[in-house]
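Work from the hints to combine the two standalone chains into their complex.
In the order they appear, the protein sequences are chains A and B.
Numbering of the first sequence is given in our numbering, commencing with residue 1 and proceeding in unit increments.
Numbering of the second sequence is given in our numbering, commencing with residue 1001 and proceeding in unit increments.
Heads up, some of the hints might be wrong.
[What the hints assert, rightly or not] Listed next, with one range per pair, are the computed distances between beta-carbon atoms:
(1) B:K1014 x A:L19: 38 to 46 Å
(2) B:K1014 x A:T58: 33 to 41 Å
(3) A:S85 x B:G1003: 22 to 30 Å
(4) B:S1099 x A:P8: 24 to 32 Å
(5) A:S28 x B:M1027: 39 to 47 Å
(6) B:V1113 x A:N63: 42 to 50 Å
(7) A:D67 x B:T1005: 30 to 38 Å
The hints are simulated quantities; they were obtained by calculation from the structure and are not laboratory data.
Please read all numbers here as calculations on a predicted model, not as lab measurements.
Where is the CB? At the ideal position from N, CA and C, for every residue including glycine.
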Amino acid sequence: KQEVTQIPAALSVPEGENLVLNCSFTDSAIYNLQWFRQDPGKGLTSLLLIQSSQREQTSGRLNASLDKSSGRSTLYIAASQPGDSATYLCAVNQGGKLIFGQGTELSVKP
Amino acid sequence: NAGVTQTPKFQVLKTGQSMTLQCAQDMNHEYMSWYRQDPGMGLRLIHYSVGAGITDQGEVPNGYNVSRSTTEDFPLRLLSAAPSQTSVYFCASSTLGASTEAFFGQGTRLTVV
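Just chain B, same shape as in the assembly (with noise of 0.2 Å):
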């Protein structure tokens, strides 16, 4: 029983470099999504995904990018990571329609420093 796996748990950047989280499901999903939670703001969604080949941007998408070429895999890349970007990353995945149950991963704790 998988689920959503997320990987690093952990990861510290200098500014500037990039890194991707990797996000993956095994409940074949068409929804998959990313959010960060900081402390006082709760979580925000940054991307999501209906299916293969089609994403969009949530709220707070601006310093990432994101790509789904697979219903299994929905990863997150910070193409020049910055100080404001330190957060825990959530992946979620779900089905599509009004009774959908969302399903998330671990987490990812990065820090930039």
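Okay, chain A solo, but in the shape it has when bound (with noise of 0.2 Å):
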């Protein structure tokens, strides 16, 4: 059964740093990994789509790479701001079925 572990659970930075957020899931026959970002009471909007053949995706100041033999991705926010703060998601597709990540609370204080 696959399981998708994102750590860590919560993150507290200073406005400015680059950081990393990890995903690891244990089977590596996906079709995709997707990264989410949900704001409070909200719904759940699309980052970054990573096909199973591709090593990474940018936009803006956000990068997510693959590593499909080892089970890993990674979300990189370069340049941190107060507005990035929310929880992040990331959800492997097997089949057409996503299987989500508990996510991290990101917090970017000012």
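Okay, here's the thing in structure tokens:
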């Protein structure tokens, strides 16, 4: 059974820092991996999608990497801002079904 | 740009009552699914559908029914609500295939008292 783990569960950093969020999964037979952002009381906003054949994807200050063989993905956020404060979720896609990690709650202090 | 629309946004039910959570998408996506989000449990798949007339169970299907009569709509029915069904419910849609990206609605916050 696929299990997805996100470390750390919570992270607090000062504004301007570069940071890395981690996601690991136990079964490498995935279609893709998707990173989401969730603000309190809100829905999920898709940030980046990495296909199983890709190594990384970039969007603005965000860069996501995927190492399928080791079952790991990272989300790199450059020059963090208070507006980046949210919960970040990773999800692996197996046969159309998404299996989620429990998220990393990020707080960026001014 | 409606995307995935869920109604209602909030609902309070009494134990034993029934209700339907609505989900509609305007992207002509074949795949639709329902998740529930609980503290400490993350998001878990309830039911999913790969097209009109086809539905299947996810990880936590008990107490919920679904149907898919059109491509656009995928309602979730609670037949007899229980306090354990207090949760935030999310509907998602995507195309079929390996390169698909999932899009989520804004959620329905349900409380069963």
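Against the structure, the hints:
Between K1014 (chain B) and L19 (chain A) the beta carbons are some 45 Å apart, a value that agrees with the proposed interval 38 to 46 Å. Between K1014 (chain B) and T58 (chain A) the Cβ separation comes to about 49 Å, which falls outside the hinted range of 33 to 41 Å. Separated by about 24 Å at the C-beta atoms, S85 (chain A) and G1003 (chain B) satisfy the suggested range of 22 to 30 Å. Between S1099 (chain B) and P8 (chain A) the C-beta distance comes to about 30 Å, which sits within the given range of 24 to 32 Å.
Under the hint 39 to 47 Å, the C-beta atoms of S28 (chain A) and M1027 (chain B), about 29 Å apart, miss the expected range. For V1113 (chain B) and N63 (chain A), the Cβ-Cβ distance of about 45 Å falls inside the hinted range of 42 to 50 Å, so the restraint holds. Look at D67 (chain A) against T1005 (chain B): about 36 Å separates their beta carbons, and that is inside 30 to 38 Å.
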